[in-house]
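Protein chains in written order, with the numbering used here: chain X, 1324 to 1672; chain G, 7 to 560; chain Y, 6 to 213.
Just so you know, the hints here were simulated from the structure itself, not pulled from any lab data. Keep in mind that this is a model prediction, so the values were computed, not measured. C-beta atoms are modelled at their ideal positions from N, C-alpha and C, and glycine is treated no differently. Among these hints, one or two may not hold up.
Label pairs and their in silico Cβ distance ranges [unchecked claim]: (1) Asp1375(X) x Leu31(Y): 53 to 61 Å; (2) Arg509(G) x Leu1439(X): 24 to 32 Å; (3) Pro1652(X) x Ile478(G): 32 to 40 Å; (4) Arg167(G) x Pro77(Y): 56 to 64 Å; (5) Pro530(G) x Lys98(Y): 43 to 51 Å; (6) Arg167(G) x Gly138(Y): 27 to 35 Å; (7) Asn517(G) x Asp1446(X): 33 to 41 Å.
Straight-line distance between alpha carbons at most 25 Å, and here's what the computed DMTMM-like set of lysine to aspartate or glutamate pairs gives [to be verified]: (8) Lys358(G) x Glu1423(X); (9) Lys98(Y) x Asp22(Y); (10) Lys358(G) x Glu1472(X); (11) Lys1404(X) x Asp548(G); (12) Lys1406(X) x Asp514(G); (13) Lys1575(X) x Asp1410(X).
Cβ-to-Cβ under 10 Å is the rule here; a few derived chain G residues that face chain X [said to hold, decoys possible]: (14) Leu461; (15) Val503; (16) Arg506.
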Amino acid sequence: MRSTSSDVRTRLCGIYFAVLFFTILCPSGKLAFAESTSIFDSASHNSDAIVDVFYLVLAITGLIFVAVFGAIIGFVWRFRKRKDQNDAEPPQIYGSWPIEIAWTITPVLIIFVLFLLVIRSVDEQRPSRAPRDALRVRVVGHQWWWSFEYPALEIVTANELHVPIGEVDHPRSVFLDLESADVVHSFWVPRLGGKTDLVPNRINTMWFNPRQTGVFYGQCAEYCGTQHAKMLLRVIVESPEDFEAWAENERKPAVNDPAVADGRRLLLKLACANCHTIRGTDARGTAGPDLTHLMSRQTIAAGSAPNDHEHLTRWIQDPRMIKTGCYMPDMKLSSAQITLIVSYLETLR
Amino acid sequence: MASGTHNGTELHAPGPFPWQGWLTTVDHKRIGVMYLIASCVFMALGGLEALLMRLQLWQPNLNLVSAGTFNQLFTMHGTTMIFFVVMPIQAGMANYLVPLMIGARDVAFPRLNAFGFWMFLFGGALLYFSYIGAMGLYGSGSAPDIGWYAYAPLTSPAFSRGNSTDYWLLSTLLAGVGSVSFGVNLIATIVTMRAPGMRLRAMPLFVWMMLVTSGLILFAFPPFTAAEIMILFDRHLGSHFFDTQAGAHGLLWQHLFWFFGHPEVYILALPAFGMISEIIPVFSRKVIFGYSSMVAATVGIGFISMSVWAHHMFTVGMTSTLDLFFSGATFLVAVPTGIKMFNWIATLYGGKLQLTVPMLFALGFLTLFLVGGLTGVMLAVVPMDWQLSDSYFLIGHFHFVAFGGILFAIMAAYYYWYPKMTGRILGRRLGLWHFWLQFIGFNLTFVPMHFSGILGMPRRVYTYQADAGLEIWNQISTVGAIITGIGLLCFVCNLIVSFRYGRIAGDDPWNAWTLEWATTSPPPSYNFEQIPSVNSRRPLWDLKHPTDPDWLHE
Amino acid sequence: MSESSRPVAAAATRPPDPYAADDLQLLDPRKVGMACFLCSEAAFFTTLLVAYGLYVGQDTIGPTPAEALSLPLVSINTLLLLSSSGTIAWALKARQDARRKSCCIYLGITILLGALFLVGTSIEWRGLIYDQGLTLGRNLFGSTFFTLVGFHAIHVGIGLILLMIVMILEARELLAPDSVAPELVGWYWHFVDGVWLVVFGVVYVLGR
């Protein structure tokens, strides 16, 4: 029996553990990546709480790992059969009640502590009532895009959620009422909090209160069909003034620029109006995202492509080229028609 | 009637060809071997699916496979590995070993045994036939793409058009029928057909694990069968079990499925624990530490595992009370599991460890299952689950327990019992290549997934965003997957080459103590010339150590 | 030379009786097998019952159980099935007493009662479908009701086939006197009856 196997094992295990330690236990204070979705890059008070829980649990399980793993490696090293030993059987140990009781009670105590931690943190994360100044948003998940309605502000938009930040000493919460129009989805913006599912025939509520401004990326986290991977969303946390300005603009009906009247007329004549709403026109469909202020968004197709001229054109030309399997049909328009439509859409700021 | 001998087993085929004997066999050993060979084929298919996924995820926005194909790949990979690889391996090992270990000549219902095998095989064939046979939406064949747990309403007729979902439902239904018949058979066998003197508390631990596993099968599979019937009725007879438009509960499928799904993973794991409980003592040259608490822990796991199912559903918006109940129950089930770990490790203590290939795999199991179990404890902390559920962290967790744990134990079992089944020992050199490639490859594949999960990568995505720090971890995983695949190729080569050229094993190559080693390798069709009588848990130890038999100390 | 960590117990100087069997080993495997199978069937029916219970009262469109279900017919049906459990018990007792002809007669009566139960169920379903407009696809009640009662009826049908096989074999003296087959079929039949009592209670009594 070669004894080098366990030497190599020990060395490899040491490297593995060191890598684990350094990469997982030393998150950077500032973002390592431009579009980070790391749960350690927490940007809200509730996700901070989850990170704190994470550290504590990691410490406990890490200690358990070190102890048990150390025992395994230690015993393998110490008790491996050496060449100079004979074939006599070692002492047969059938058990030991004191030891077995000890290692039953210890895990029970550990899980008891963990359970208390869970009780407290679940309680923190699940407030029973929304504060009066909370922003309420009705989120409806569709295959494969998000609709956001602000009932109190009479705003309907899609895929990009704007929220205001509160004061330093008085955070302002955002409460989301989550519904689904079709299958099960899940709302997950890691930097702002845990995920909650959108289940049809059910309203789930989640909340977060951001503590810094910025753009926070997320996506659907429950497999919902072909383009589940491209059901992206972003949350834009801004100052109260910027938020008011945005909300003010969103409340207005669509811009009616006479320069693109031809494009507007064409869009309303085609079947676009059956699926999309453009407030202030006759387009009142709800199967697809609200386009009234399309150009206020950074991306199209639920984050699948940037919201610029090239991608908008390509999207309308054939949506399946950007997002195969999506429900928006290829309208088979001529390039002249597409140019007209795009020029109209680009005025919907 | 053709007849002949091979390695001491008599073959009587009902026709002119030897394979006809296998086709109509009701011999538990042959059925066991058929289960094992079939599962190897499905493992290759499942592994190929995994490899394709990993190649697609090498970089963001690659187009190696389309979105639809990727979704089929993860569905087929999960379904194959769970229902058509690990389940049949456990059934095959149990089929082969349990009658031998309890000193019986066969199982209680040999024909039912064969029936169970063919149900599994037809189920697997049906699943893979979907690639060509299912009418997809555009008229071409297509495999199911609903995920291995097939949530409704995604599976309802509105959102899953064509027949690909029906192939998933029917194939797993057939596999389930096979599993239930296996469970019935095994309980009857273990309860009533033990050798004289083998009281329940003298049974090998593998047999105890199979007894509890079979009990779980009886109570976990029927709810799954019922749920599948409900969705089939929704899809084809217009019923409304999962039709939320008609007022159905959006979570009924999830509750029913996970009520089956969680015990299912213990059905997969307990036999593996049993294998480890046989292998570690033999290569430590010591009796298992704490047999009684191992049995108690196993029974405890069996019961508690039926009450933890909604820890797969912490994000669906259950009440805090329910969340806490399932979290607590999940913590609770970790205690008997931990006790077993400690017992195995204590068996190592003071032993004379022989680092044979099966022992290396068993040690690999201990370390990797430890990690998987601890990440499971992390996920039982509800707020952490709110972040980490349905992310790559979860994929890392369950692959650590299912692959690092269960499959490593299975590999140990293959190396340990292959000599009994074939009369030859699997080559050590190729075995070491297999072990190290698989161990290193496995870690390279699945450790990075914990990081990409923490960095916010959800599961079941055919691509991911750039600039989120995910590429490096995905690339390491892909390299690891390739290395793992090479390791498994070594294994298959070893299986084939050693069958012809392996060292002859003899009855008892490992100097072990349970009854299967008291007969030839491979055993004759009647198993034992004389049914042995049993005085303790290690009958062969008693024979080899007449001055210090086990029954003095039990 | 090996040592063990515990001293040799004074009483255990000879091995336990090698031919001792614990009580479980004396059980007939076929009985254990049938008991296990019935456990799995219980889990199956429990799931269907849970679905029924979850959805009772959740419909927005009718007909509701109170409107659609009529107690008299199903009560007669229940009595028929309960009696058939009695007749099969008598049949097995007759078999034990080696009164083969009586056994076959009682088995025949059991089959008749079971068949009448199925006839009663068909009459009830005809009324539900054509008069009440309740179908599998009508509403949640229809979906859960027909699935639950339908699977029970299928099990009754399978039971009738098993009973007929046993009756014919018994009539032709092809069953050994110690064969457990009739008793196992009896267990199955009692189980099906028991399931019906629960279904009756949940669907026709509580659910209305």
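Here's how the hints hold up against the structure:
1. Taken as a hint, the range 53 to 61 Å holds for the pair Asp1375(X) and Leu31(Y), whose Cβ atoms sit roughly 60 Å apart.
2. Arg509(G) and Leu1439(X) have their C-beta atoms about 56 Å apart, which leaves the hinted 24 to 32 Å range violated.
3. Look at Pro1652(X) against Ile478(G): about 39 Å separates their beta carbons, and that is inside 32 to 40 Å.
4. Under the hint 56 to 64 Å, the C-beta atoms of Arg167(G) and Pro77(Y), about 44 Å apart, miss the expected range.
5. Between Pro530(G) and Lys98(Y) the beta carbon distance is about 44 Å. The supplied range of 43 to 51 Å therefore holds.
6. One distance hint, 27 to 35 Å for the beta-carbon pair Arg167(G) and Gly138(Y), holds here, with the actual separation near 28 Å.
7. The hinted window of 33 to 41 Å between Asn517(G) and Asp1446(X) is violated, with their beta carbons roughly 57 Å apart.
8. A distance of roughly 22 Å separates the Cα atoms of Lys358(G) and Glu1423(X); the hinted pair therefore holds under the 25 Å criterion.
9. As the CA atoms of Lys98(Y) and Asp22(Y) are separated by approximately 37 Å, the hinted pair breaks the 25 Å bound.
10. Restraint check for Lys358(G) and Glu1472(X): not satisfied, since their Cα atoms lie roughly 69 Å apart, outside the 25 Å limit.
11. Distance restraint check for Lys1404(X) and Asp548(G): the Cα-Cα separation of roughly 23 Å lies within the 25 Å cut-off, and the hinted pair is therefore satisfied.
12. A C-alpha spacing of about 22 Å is found between Lys1406(X) and Asp514(G), which places the hinted pair at or below 25 Å, so the restraint holds.
13. Among the hinted pairs, Lys1575(X) with Asp1410(X) is inconsistent with the structure: their alpha-carbon atoms are about 89 Å apart, more than 25 Å.
14. At a threshold of 10 Å, the smallest CB-CB gap from Leu461(G) to chain X is about 5 Å, leaving the interface hint in force.
15. Checking Val503(G) against chain X by beta carbon gives a least distance of about 21 Å; that is not within 10 Å, so the hint is violated.
16. About 26 Å separates the beta-carbon of Arg506(G) from the nearest beta-carbon of chain X, more than 10 Å, and the hint is not met.
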